[in-house]
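Input sequences plus hints: build the corresponding full structure.
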Amino acid sequence: MNFEEKAREWLEEIAGRGQEHYEPFWNVEKCGHSFVMMQKMSTTSRSTFLGVDTKWGKMTTGGEYCYFYLCEKLTLELLRECSEWISQMEQEDVDKSNDQHCFTFISLVLVTDGPVTKEMQKFIKRYKHITYYNEKKEEYGWSSGCLAVMDLSNGEMYSNVMGDSLQKRLQGENGKKKGLFRFFQ
Numbered sequence: 001m002n003f004e005e006k007a008r009e010w011l012e013e014i015a016g017r018g019q020e021h022y023e024p025f026w027n028v029e030k031c032g033h034s035f036v037m038m039q040k041m042s043t044t045s046r047s048t049f050l051g052v053d054t055k056w057g058k059m060t061t062g063g064e065y066c067y068f069y070l071c072e073k074l075t076l077e078l079l080r081e082c083s084e085w086i087s088q089m090e091q092e093d094v095d096k097s098n099d100q101h102c103f104t105f106i107s108l109v110l111v112t113d114g115p116v117t118k119e120m121q122k123f124i125k126r127y128k129h130i131t132y133y134n135e136k137k138e139e140y141g142w143s144s145g146c147l148a149v150m151d152l153s154n155g156e157m158y159s160n161v162m163g164d165s166l167q168k169r170l171q172g173e174n175g176k177k178k179g180l181f182r183f184f185q
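Under the working numbering, the sequence shown has 85 at position 85, and the numbering climbs by one with no breaks.
Fair warning: there could be bad hints in the mix.
Using 25 Å as the maximum straight-line C-alpha spacing, the simulated DSS-like pairs for lysine-lysine come out as follows [as the list claims (entries may be wrong)]:
no.	residue 1	residue 2
1	LYS96	LYS128
2	LYS122	LYS168
3	LYS40	LYS6
4	LYS73	LYS136
5	LYS168	LYS73
6	LYS6	LYS168
7	LYS30	LYS6
8	LYS96	LYS40
9	LYS168	LYS118
10	LYS118	LYS6
11	LYS168	LYS136
12	LYS168	LYS125
13	LYS128	LYS168
14	LYS122	LYS73
15	LYS136	LYS30
16	LYS125	LYS40
17	LYS136	LYS96
Simulated DEER-style distance windows between Cβ atoms [to be verified]:
no.	residue 1	residue 2	range
18	GLY172	GLN91	29 to 35 Å
19	TYR133	LEU76	29 to 35 Å
20	THR117	GLU20	21 to 27 Å
21	TYR133	ASN154	38 to 44 Å
22	GLU4	THR43	30 to 36 Å
23	GLU9	LYS136	44 to 50 Å
24	CYS31	TYR132	21 to 27 Å
25	SER153	ILE130	30 to 36 Å
26	ARG17	GLN100	25 to 31 Å
27	GLN100	HIS21	16 to 22 Å
28	THR44	GLU119	37 to 43 Å
Hint data in this document are derived by calculation from the structure and do not stem from the laboratory. What you are looking at is a predicted structure, and each value in this text was computed from that prediction instead of being measured. We put the CB at the ideal spot given by N, CA and C, even for glycine.
Written as structure tokens, this is what we have:
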């Protein structure tokens, strides 16, 4: 099975598994690039006071845009270039003028056929992108960038700190547990 077939199979599994919360869109153009898939999730809830849902609370909205990009042979230079797309996606996707906007995650998953070198893993882990909007400029909420790389050659996924929940979601229940407490689970 070649790389594109493996990637398509993995993406179809992801799209099928998360449909109750994440709506998949195939072959999406964004920031001048073609993404094989994009998943969108949005949520609306009422603010709570001390954990109690009140009728007087303000409605808030949040969500995630998760883009999947195929790059069979990933290099450190390409990884750096791709990580810059997140700020461009943020400008296009986030409705910061909505006073109900609470948060938006912009996620980028690069699907590759390995290897993901130690330098690339270090860059991924240290990647950080977070923006707090200024209400004085009539911008509301915050957004954060999640960066992940899926290596189809060995089934490993690497992500930045903000991408840990993304990584868990994409690996599903069969994902490998990491950390000290994996022995006790």
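Cross-check of the supplied hints:
1. LYS96 x LYS128: holds, 20 Å
2. LYS122 x LYS168: Holds, at roughly 19 Å.
3. LYS40 x LYS6: Distance ~23 Å between LYS40 and LYS6 Cα, so the pair holds.
4. LYS73 x LYS136: Distance of about 45 Å is beyond 25 Å: violated.
5. LYS168 x LYS73: Given that 25 Å is the threshold and the Cα spacing comes to 24 Å, the pair holds.
6. LYS6 x LYS168: holds, 20 Å
7. LYS30 x LYS6: holds, 23 Å
8. LYS96 x LYS40: Given pair LYS96, LYS40 holds - Cα atoms ~17 Å apart, limit 25 Å.
9. LYS168 x LYS118: OK: LYS168 and LYS118 at ~21 Å, within 25 Å.
10. LYS118 x LYS6: Between LYS118 and LYS6 the Cα gap is close to 24 Å, so the pair holds against 25 Å.
11. LYS168 x LYS136: violated, 36 Å
12. LYS168 x LYS125: holds, 15 Å
13. LYS128 x LYS168: It holds: about 18 Å lies between the C-alpha atoms, which stays within 25 Å.
14. LYS122 x LYS73: Holds - the C-alpha atoms of LYS73 and LYS122 are around 18 Å apart, at most 25 Å.
15. LYS136 x LYS30: Since the Cα atoms of LYS136 and LYS30 sit roughly 29 Å apart, the hinted pair is violated (cutoff 25 Å).
16. LYS125 x LYS40: Holds, because 24 Å separates the two Cα atoms, which is no more than 25 Å.
17. LYS136 x LYS96: holds, 12 Å
18. GLY172 x GLN91: 29 to 35 Å: holds, 31 Å
19. TYR133 x LEU76: 29 to 35 Å: holds, 31 Å
20. THR117 x GLU20: 21 to 27 Å: Violated: the Cβ-Cβ distance is about 36 Å, outside 21 to 27 Å.
21. TYR133 x ASN154: 38 to 44 Å: Cβ of TYR133 to Cβ of ASN154: about 39 Å, so the range 38 to 44 Å holds.
22. GLU4 x THR43: 30 to 36 Å: holds, 33 Å
23. GLU9 x LYS136: 44 to 50 Å: The hint (44 to 50 Å, Cβ to Cβ) holds, given that GLU9 and LYS136 are roughly 49 Å apart.
24. CYS31 x TYR132: 21 to 27 Å: Cβ of CYS31 to Cβ of TYR132: about 22 Å, so the range 21 to 27 Å holds.
25. SER153 x ILE130: 30 to 36 Å: Since SER153 and ILE130 have Cβ atoms about 31 Å apart, the given range 30 to 36 Å holds.
26. ARG17 x GLN100: 25 to 31 Å: holds, 29 Å
27. GLN100 x HIS21: 16 to 22 Å: holds, 19 Å
28. THR44 x GLU119: 37 to 43 Å: holds, 41 Å
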